[in-house]
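**Student:** Given next are the chains, with one letter for each unit.
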Amino acid sequence: MKSKKETKKPLLEIHDLFASTENLTILKGVNITINPGEIHAIMGRNGCGKSTLSKIIAGHPSYEITGGKIKLSGTDIEPLEPEERAQAGIFLGFQYPIEIPGVSNLEFLRVATNARRKFLNKEELDTFEFEDLVKEKLEIVKMEPTFLDRSINQGFSGGEKKRNEILQMALLEPKIAILDETDSGLDIDALRIVASGIKKIANENSGIILITHYQRLLDEIKPDFVHVMANGKIIKTGNSELALELEKNGYEWTDKFIDKT
Amino acid sequence: MQIIEEISKNRIKKSASGSMLQKICLDKLQINPLPNHKSELWRMANKSKLARFLDYKLNHDFYKPNIPYENESQNVIRLIIGDNKKINIKEQEWEIKELDDQKILNLIQHKLLESDTTENWSALLNHLLTEKKNICGLNISGKNLPHLEIITNSKNNLFNSRTLILNIEKNTEVEISQINLGDDNCSLSNSSYLYLGEDSQVNHGIVSYGKYKSHLINSLNVFQKKNSVYNLGSLQFKFDFARLEININQIEGNAKTNIKGMQITQDNEQISTYAKIAFNGPNGFLDQLNKSLARDRSHSVFEGLIVVPRIAQKTDASQLSRNLLLSNYAKIDTKPQLEIIADDVKCMHGATISQLNENELFYMRSRGLTLEQASKLQLRSYYQEIISFLPISKERWDLLALLLNKK
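Note that the protein sequences, when read in sequence, are chains A and B. With my numbering applied, the first sequence corresponds to residues 1 to 261, in that order. With my numbering applied, the second sequence corresponds to residues 1001 to 1407, in that order.
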């Protein structure tokens, strides 16, 4: 895999990763390297392990790493708790953002932002300072300030939930953002808002992994690399042309790359 | 059990005006001094804790409790039962006046005469042991009343007993908060009666907040006339043994009752809520949610019963028990029940027992919140649903802070 930022150290290195849940092996030797400024797309059939990979990187307690390594800026993250990974700069945009009734979105965002700022040795923000910051970030995803007064994701439409995920990404300024099917359930306008938000947040120092089934997101955000996953492994890597080929030929076309052994 | 000994040996001091009431209670309790543990209402009660409840010296004196916001504000009338404060206020839009002894007797005695000892043991004990000066009876009428804050308290190492009777007249709208404060090593018996007149609305909050080894038995009896609305929010915590008995009677149907209650237990505590809602006329409405949260080796009990006789057609009632079990050693017993004879009704009940939602916790942790911060936010939301229903201002009693600053 050739990087356009060859001189910089990799942000995320996944080496020969094996993982399981409830004695079922799901990842069977995943290898990916993300360098600063790169956007990677991971595609694949349902159940191939894409979402599992994202949850394992974020530290979901239901999954166990049984082999291999995940390194963030050269540090092994396996011993880290989910919150430590988030504070260190890993962000997971959920496919199905969780509704948490009774917990104010504004308060949640403020506590989360301050946890990340504390890790970065930045001064924590008080309520008023945070309100100024969050209003600025709301612009990126075209959300009304009234969203902040509601409970986390409660009563949000599918599009609003996904925009709320991108708002969190904007506030947390992660090193690596893994966006798990952020395009699912979005209409064309909402997709454009979300994609435009992601592009505004993306920068030279961070990396993005887009997990998706559809070309339409990749029309909006052009990836540097496209990986096809099957049976818990990356079976093919290419550039954005690969996604177009998948769109044209379907996943059956990639079956020939599966290592039958 | 000092109190039972006093009853058995007939050593309870009788007050002149309350003698009729006390005689009824004494007669019943001398036959059955303790509730029958085989009955559904007492089966779960921890016997040693009940014995401890009854093992303090009876006290009739007043002790000023330590409470926040000593001064009354313009919109709050504070009463501490037993402090002899006279309440007779008449304003243009409303009036609060004390009930005379005969009226109090009339309002209570039918309830005591009609039911059996086990079912009504808590109230019988209360009326036997409460002296006249510790009975607060008020007649309330009108609209735009100030908030009524009624406090009962107990003194450490003593058994204290208080009674509250409120007659809410037709078309009255009032907010009442009742705060039961338990001291270290003490017992508090409290019985309350609310009579809601036609077209009246009462927002009632009961907060029972104990200290080390506090014990409380609190019986609440509400009688609703037609077109009345009764909203009850309750919160019980930090009692070694506490019991809230809710009896609501929609005596003519066509009334609404909304109840949201919560009990929080830790260490070795046992806190229970028993709720019986009887519809004695058509078109009654009930929406009840009871929450409990149990930690350590504590025990939380909820038993609910909705009674819908044939006369109560078109009743719409729901009773839900939602529980959080936060320790492998804690115990939650919950039993919402329906007793329906009428055939044209909409009734539902349900119970859930769960732990903190792992998906919610992971979501918050994946944003950098520690497990403790995430749990606290989750608990805050769990508490908030009930606390926001209580008609008690945060400025006077910051209940959420009180709960979140605990373990």
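Simulated from the structure, these hints should not be mistaken for lab results. The structure displayed is predicted, hence computed values, not measured ones. Be aware that one or more of the hints could be misleading.
[What the hints assert, rightly or not] Computed footprint of chain A on chain B; a stretch qualifies when at least three of its residues, placed anywhere within it, have a C-beta under 8 Å from a C-beta of chain A:
(1) 1097–1107
(2) 1167–1176
[Said to hold, decoys possible] Keeping only pairs whose Cα atoms sit at most 30 Å apart, straight-line, the calculated BS3-like set for lysine-lysine is:
(3) B:Lys1049 with B:Lys1225
(4) B:Lys1023 with A:Lys135
(5) B:Lys1331 with B:Lys1049
(6) A:Lys71 with A:Lys135
(7) A:Lys122 with B:Lys1028
(8) A:Lys122 with A:Lys142
(9) B:Lys1009 with B:Lys1213
(10) B:Lys1023 with B:Lys1211
(11) A:Lys175 with A:Lys199
(12) A:Lys175 with B:Lys1376
(13) B:Lys1009 with B:Lys1086
(14) B:Lys1376 with A:Lys118
(15) A:Lys135 with B:Lys1225
(16) B:Lys1090 with B:Lys1211
(17) B:Lys1028 with B:Lys1047
Every residue gets a Cβ at the ideal spot worked out from N, C-alpha and C, and that includes glycine.
**Student:** Please go over all the hints and tell whether each is borne out by the structure.
**Tutor:** Do the hints match the structure? See the list:
1. Chain A is given as covering the stretch 1097–1107 of chain B, and this is violated because 0 residues of the stretch bring a CB closer than 8 Å to a CB of that chain, at least three being needed.
2. Closer than 8 Å: that is the beta-carbon criterion, and the stretch 1167–1176 of chain B has 0 residues meeting it against chain A, so the requirement of 3 is violated.
3. This hinted pair does not check out: Lys1049 (chain B) and Lys1225 (chain B) have alpha carbons roughly 37 Å apart, beyond 30 Å.
4. Taking the CA atoms of Lys1023 (chain B) and Lys135 (chain A), the gap is about 69 Å. The hint is violated against a cut of 30 Å.
5. For the given pair, Lys1331 (chain B) sits about 16 Å from Lys1049 (chain B) by alpha-carbon distance, which is consistent with the 30 Å threshold.
6. Distance hint between Lys71 (chain A) and Lys135 (chain A) is unfulfilled; the C-alpha atoms sit about 34 Å from each other, more than 30 Å.
7. A C-alpha spacing of about 71 Å is found between Lys122 (chain A) and Lys1028 (chain B), which places the hinted pair above 30 Å, so the restraint is violated.
8. With a C-alpha separation of about 27 Å, the suggested pair Lys122 (chain A) and Lys142 (chain A) falls inside the 30 Å cut-off, and the hint holds.
9. This hinted pair checks out: Lys1009 (chain B) and Lys1213 (chain B) have alpha carbons roughly 27 Å apart, not beyond 30 Å.
10. With a C-alpha separation of about 33 Å, the suggested pair Lys1023 (chain B) and Lys1211 (chain B) falls outside the 30 Å cut-off, and the hint is violated.
11. For the proposed pair Lys175 (chain A) and Lys199 (chain A), the alpha carbon gap of about 14 Å is at most 30 Å, so the pair holds.
12. The straight-line distance between the Cα atoms of Lys175 (chain A) and Lys1376 (chain B) is roughly 27 Å, inside the 30 Å bound, and the hint therefore holds.
13. At most 30 Å may separate the alpha-carbon atoms for a hinted pair to count; Lys1009 (chain B) and Lys1086 (chain B) exceed this at roughly 35 Å.
14. Between the alpha carbons of Lys1376 (chain B) and Lys118 (chain A) the distance comes to roughly 19 Å, so the proposed pair stays at or under 30 Å and holds.
15. A threshold of 30 Å between alpha carbons decides the hint, and for Lys135 (chain A) with Lys1225 (chain B) the separation of about 51 Å lies outside it, so the pair is violated.
16. For the given pair, Lys1090 (chain B) sits about 37 Å from Lys1211 (chain B) by alpha-carbon distance, which is inconsistent with the 30 Å threshold.
17. Among the hinted pairs, Lys1028 (chain B) with Lys1047 (chain B) is consistent with the structure: their alpha-carbon atoms are about 21 Å apart, no more than 30 Å.
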